[in-house]
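Asks: Chain residues, written in single-letter form:
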Amino acid sequence: MSHTLHRFGPEETFLNDFPFISRPAMQFNHEGAAPKMRRVMEICLDEGPVNWGSLTTKQNMTLGFDREDLLSKTEDNSPAMGCFDDRQKVGNVLKKLKEEDLGMSVVVTGLRDKVEEICAEAGLTPHSADLALGIFGDTDKLPDEDTMCYTTMCGHAMISAGLVKQIRKAVTEGRMEPDAAAKILAKPCYCGIFNLTRAEDMLRAEQNQADSNG
Amino acid sequence: MQVNQELCIGCQKCLPFCPQGAIYIENRKALIDQEECVECGICVRQIECPRKAFYEPEEVRQWPRAVRKVFGDPTEKHESTGVRGRGTEEVKTNDVTGRVKRGQVGFALEFGRPSIGCRVRDVEVVTVPLTRMGIVFEPCNPLTSLLYPDTGMVHEDVRDEKILSAIVEFTIPEDRFEEVAAAVYEASKHCVNTVFSWGLVVRYAEDGTIPVTRTLDKMGIRIPKNAKVNVGLGRPLTNA
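Keeping their order, the protein sequence lines are chains B and Y. Mapped onto the working numbering, the consecutive letters of the first sequence carry residue numbers 1110 to 1323. Mapped onto the working numbering, the consecutive letters of the second sequence carry residue numbers 2 to 241.
Honestly, the hints are just simulated from the structure, not real lab data. Among the clues, some could well be false.
Cut-off 27 Å, straight-line C-alpha distance, at most; resulting in silico cross-link-like pairs (DSSO-like, lysine-lysine) [as the list claims (entries may be wrong)]: (1) Y:K53 <-> B:K1292; (2) B:K1223 <-> B:K1198; (3) Y:K53 <-> B:K1250; (4) Y:K78 <-> Y:K53; (5) Y:K78 <-> B:K1278; (6) B:K1167 <-> Y:K78; (7) B:K1198 <-> B:K1182; (8) Y:K70 <-> B:K1207; (9) Y:K70 <-> B:K1250; (10) Y:K30 <-> B:K1274; (11) Y:K226 <-> B:K1207; (12) Y:K190 <-> Y:K226; (13) B:K1205 <-> B:K1182; (14) B:K1292 <-> Y:K14; (15) B:K1274 <-> Y:K14; (16) B:K1223 <-> Y:K53; (17) Y:K190 <-> B:K1167.
Construct the complete structure from the given sequences, taking the supplied hints into account.
Replies: And the structure:
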């Protein structure tokens, strides 16, 4: 599914938001893919993602992340999933993957023009894209837009609107710091695509706004 | 999911965590609205319940309730796809699979997303008219097996089940894009119980452009800024 797509929020909040997924194609090149996927993960983790996760081990960086455990449990059909908050790091990862030519598919999500620039810098030609056209239907049933900026960072919808509202309230009332709040929100997203930096920045902006409003 | 009433102390710490808001308090005990629960399992996995009162009863794995688990719990693997998630590998491995080729457009209409969920029957708002137009849905998508291929209607036994989301997925020739996109857009006006997030899987042209964006522009549909880009590292690479 397209779980890294359909993130909601102002364009400027996506400038440092790059969810990353790599995986073998089932029935095409997944047999014997485990060592290649382990290498993809090593390259990514060495570069320093803002978050990383696994549905197999049910871990992400805020729940407690054991790199060696994840690598040892990597199977032929295991994806590599996480998020970068720095375009340079994503570019470095893509360059290394190109050099090593592991043959595993990679998708990078973000503002399309930025991702295309990163590909060009890494010497890659984008193959295909999944475009987010928006939300249709009974949109009155949706949570408010500020809440959706956080809930949609887990494409599997594991971060509830109720939790986001409670955490935002605690931050704007000065009962919780934005970095601690972002870590609480990140926990339910096992894929590790929740961008802690983006969440912290948005929460800090809300806190500053609340402070200036007195 | 269920709450063991003997263990629950009614502390209410669990209330904000349910993505569907299905947990409530009655007689100082937490309960789960079984109509609204999508069996995503976040309450069992995530909530730091001081008494570990949340549990998954056997009925969750029984048909038709099992549908909720399949479409709600991201840690579950689908029998039909062999991977976790509610759809296929779509653009993720398109450089190897060639699922969507040049001259084609892939549609991914994810009902219930973001966050609010849907009944399985809600997809009929698009699956019925699209079936009439001769659209064939992606066979590897788990939703397709719940549809009658001749009508696009949902099987009776699962139509009222609440799920977190389901993806109506299909590929068409690009020269049908305007006709099909207009039908989806029209259908969206009749989608009254939920929402859907609309994704388009496309191939880059040799000159690095995405041809369908010109059609979107012509139709007055906002050209999206967000995209999930397959960077072309998969091997063997398909140039189709």
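Asks: For each hint, tell me whether it holds in the structure or not.
Replies: How the hints compare with the structure:
1. Among the hinted pairs, K53 of chain Y with K1292 of chain B is consistent with the structure: their alpha-carbon atoms are about 22 Å apart, no more than 27 Å.
2. For the hint pairing K1223 of chain B with K1198 of chain B, the CA-to-CA distance comes to about 13 Å; that is within 27 Å, so the pair holds.
3. Distance restraint check for K53 of chain Y and K1250 of chain B: the Cα-Cα separation of roughly 32 Å exceeds the 27 Å cut-off, and the hinted pair is therefore not satisfied.
4. A threshold of 27 Å between alpha carbons decides the hint, and for K78 of chain Y with K53 of chain Y the separation of about 25 Å falls inside it, so the pair holds.
5. For the given pair, K78 of chain Y sits about 36 Å from K1278 of chain B by alpha-carbon distance, which is inconsistent with the 27 Å threshold.
6. Restraint check: the Cα-Cα separation between K1167 of chain B and K78 of chain Y comes to about 14 Å, which is no more than 27 Å; the hinted pair holds.
7. With a CA separation close to 25 Å, the supplied pair K1198 of chain B and K1182 of chain B stays within the 27 Å bound.
8. Using a Cα cut-off of 27 Å, the hinted pair K70 of chain Y and K1207 of chain B is violated, with the two alpha carbons roughly 38 Å apart.
9. Note on K70 of chain Y and K1250 of chain B: the hinted pairing holds, with a Cα-Cα distance of about 23 Å set against a maximum of 27 Å.
10. Between K30 of chain Y and K1274 of chain B the alpha-carbon distance is near 23 Å, which keeps this suggested pair within the 27 Å criterion.
11. The straight-line distance between the Cα atoms of K226 of chain Y and K1207 of chain B is roughly 26 Å, inside the 27 Å bound, and the hint therefore holds.
12. Restraint check for K190 of chain Y and K226 of chain Y: the C-alpha separation of about 24 Å stays at or below 27 Å, so the hint holds.
13. Distance check on the hinted pair: K1205 of chain B and K1182 of chain B sit about 23 Å apart at the alpha-carbon level, within 27 Å; holds.
14. With a C-alpha separation of about 17 Å, the suggested pair K1292 of chain B and K14 of chain Y falls inside the 27 Å cut-off, and the hint holds.
15. Taking the CA atoms of K1274 of chain B and K14 of chain Y, the gap is about 14 Å. The hint holds against a cut of 27 Å.
16. For a cut-off of 27 Å, the pair hint linking K1223 of chain B to K53 of chain Y is broken: about 45 Å separates their Cα positions.
17. Between K190 of chain Y and K1167 of chain B the CA atoms are separated by roughly 39 Å; this puts the pair beyond 27 Å, and the hint is violated.
Checked against the numbered hints above, the structure breaks hints 3, 5, 8, 16 and 17 and satisfies the rest.
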